[in-house]
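Asks: Quick note: the sequence shown uses the UniProt record's numbering, first residue 1, plus one each step.
Please keep in mind that the hints were generated in silico from the structure rather than gathered at the bench. Quick caveat, the model's predicted, so the values are computed rather than measured. Treat the hints with care, as some may be off.
Distance windows between CB atoms, simulated [what the hints assert, rightly or not]:
#: 1; residue 1: R465; residue 2: D562; range: 30 to 36 Å
#: 2; residue 1: D715; residue 2: G607; range: 37 to 43 Å
#: 3; residue 1: I3; residue 2: S80; range: 58 to 64 Å
Quick reminder that beta carbons are idealized off the backbone N, C-alpha and C, glycines included.
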Amino acid sequence: MVISLQDRGTPPRPGVKKANVKVIVTRNLLSPIFFNETYQVTIPENQGVASSIIKVSATDADVKYNKLVYSIVGDQTAASYFNIDPNDGTIKLTQALTGTPINSFVIRVGATDDGPITRSGSALVFVDVTRNLQKPNWITGLLPSITIPENTASGTSLYKVSATDADSQPPNNQIDYYIISGGEYFQADPSTGDLRVKVPVFTDPTNASSYQVTLVARDRGTPSFQSDPFTITVNVQRNLYAPRWVGTPYNFAVSINVADNALVQTLNARDDDAAPFNLLSFDMIPYPGSSSSYFTFTNAGATSADLRVVNGHIDSKPQLYVRVQDSGSPRKYDIALVTITVNRNLNPPRFTTSTKTITINENNSLGGAISDCSATDSDPGLNGEIIYFLVSSQPASNYFQVLETTGNIIVQRDLHLDTSSSYVLYVAARDRGTPSLPATSTCTVTVNVDRNLYPPAFVDLPYDRTLNTSVGVNAAVVDVNATDADTVSPFNIVNYEIVRQTVDGAFSLNRVTGLLTVNSSLTQSSYTIAVRAYDRGNPPLSAYNVFVVTVSRNLQSPQIQDPGAGQQYTKTVEVLETIGLQTQITSVSALDGDTGNAGLVSYYLVGNNASLMYFLVNPDTGAITLRTSLLFDTTLQYTLNIIARDKDPTPRQSPTTATVIVNVYRNTYTPQFITNCSRAVNENLVPLQTLTSVTATDSDRQNTFEKVSYEIIGDGYAPEYIQFNNTSGIITLTSSLSNSEAAILYLRVRAFDNGVPPKSSTTVCAISINKNLNTPQWTTTQYTYTVSQSMNVSSFKNQIHE
């Protein structure tokens, strides 16, 4: 474009030069293009609202008009569930998908540029919704096991399993049930989960007691999800045992005059199976050649049936079969033969006495009759013959028996094998009739057994004795004596015997009295003898004792000499409590007239008092010294008991005891000051003069703890001016008192005795120092004053003071 210029003059004048202008037009030539023509995404139905699903992107090749805006333009209901960010193309969910059955959405997305005449492009977004999200889960509380009878019929419902699926919509939350193992005898209804019998388990040849059936639950979604396996144990009650009659064989008797409908017997059966296979039924089966029309057989209970007479005119010995059947499939049964005998045995045996009590010895011989129980029966023939037997007699029946034909009771086993003191026998009887009748009661026999319960026990122990060498043959040594606590003879009769002695034949023992005597010359110093005391039981019970008989050549005992008999073997000594450990206090002495070691004497302190703690005696000399310092005790008197014993292997002891009474003098009193030591002195007192003295006395007895000594223990500087005699108590001045600034010096003095530890007391000596030694002195003794007659007194005084 060329532009020229001119002014607005009249006439206007144009410019000399012209301008060329070039105009370039920018046009929106191109449409937006998406990177992909289609997009595919799969989301779960529980995708969160406002969450991002997918992001689409487009471009525009125009230079200027390339700013794009995104929008959803279709299809169908997509715009109701999704929106798109206009700026970045992010597609988001706007509405929960659980409320719609739509499984696939097609979202048509448009991109529009910003040209003056807009251009646009589009793409398709395929959104698939996954709705089967959860697998089925078994409900809680399913039984881990069930129990069924083995004859449960095919098709019978056993148990219903159930599962749930948390998905929101069918078919994803619709469940089918399947057996994955253990389905040979069982099946499951796919729709209901009902577990049923497919084939009755009694057809299983293995007779398994249980089956493991494992099921799964599957939903109907695509793809289908399956639960965890669930295993249920099906326990089977099997008809394992056939019923059986109890108490066979069945041989019953009826009286010849039995009434119609009389009960012959109630027959019992048992079945060890559990319910329902232990439910029993009963019937009769005719016995070939015998009529069963005489009887009826009806249930009397769950496990019993009554056999009754229909026609009482029974003139033969009928037989019949009875059958018991269980409720199994097939049914199991037991058959028993019943034989009926017409009873002409009308009277039972009767005992002549019902109770007896006897006492026997445990030594009673085997087989001998110890008592009897007799009965009578008035029936003739075999019906009146009686058989005896024991019933319910443990443990008595282990040791006793009743003779079948006589009723005599015998010992059949050694009674020593038991310890019971009493046995109770119950003797029963029956006759030999057919059927046999029992006695109307039993005969009770109480057998008391006297037993050898206690062994002898030695008394008057010990039996140790000492004999002199001069003892002769037949001399009595000791009475060995034993008692036996048994109260019945012969178990309380005791005999004696020597079972061992150091020298055979040295001593003899009376078998009845137990007196031990010397039987031969005694050459040894001691003899060990073992004796036995035994009773007359069979076998006897025994006791043993071992003792020593000593033959002594030590003929004399030591005799206490000091203190002697004239002093009643007692002496008294006194010691100070401070006596030393090695200081001999006193001594005792004894003499022994024997020779050798038997004549040597040793001394011993005896007793259990404090004397043994504080004193000791020299065993050889009899000297008494301290064992422990008496300062550790406060006792004032000790009594020492001393015995003398010779040194023979079998020593003799002094018949008397020496008593030594030791009185202890103890430091009792404290020194007491008896003088006042306080003084007043002039400060110009000359040193080495006596300043004062102290005197104290001690009331302890003379030559004990009455000795008093002194010492200065204070106070202040006072000791610097004096010298103190610790023995006399004299206090001497050693330094001029004029040097003391104090007007009073205090001397603290301690007086102490010679005890251990010492007792002491203190006093204070107050030394008052007189420092005012000089009186005032007139320098002029004559004063002359001339005064006016009219001078007053006060003026005169003033003149004097000047």
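Asks: Now tell me, hint by hint, if it's right for this structure.
Replies: The hints, checked one at a time:
no.	hint	in the structure
1	R465 to D562: 30 to 36 Å	holds (33 Å)
2	D715 to G607: 37 to 43 Å	violated (54 Å)
3	I3 to S80: 58 to 64 Å	holds (59 Å)
Taken one by one, the earlier hints fail for this structure only at number 2.
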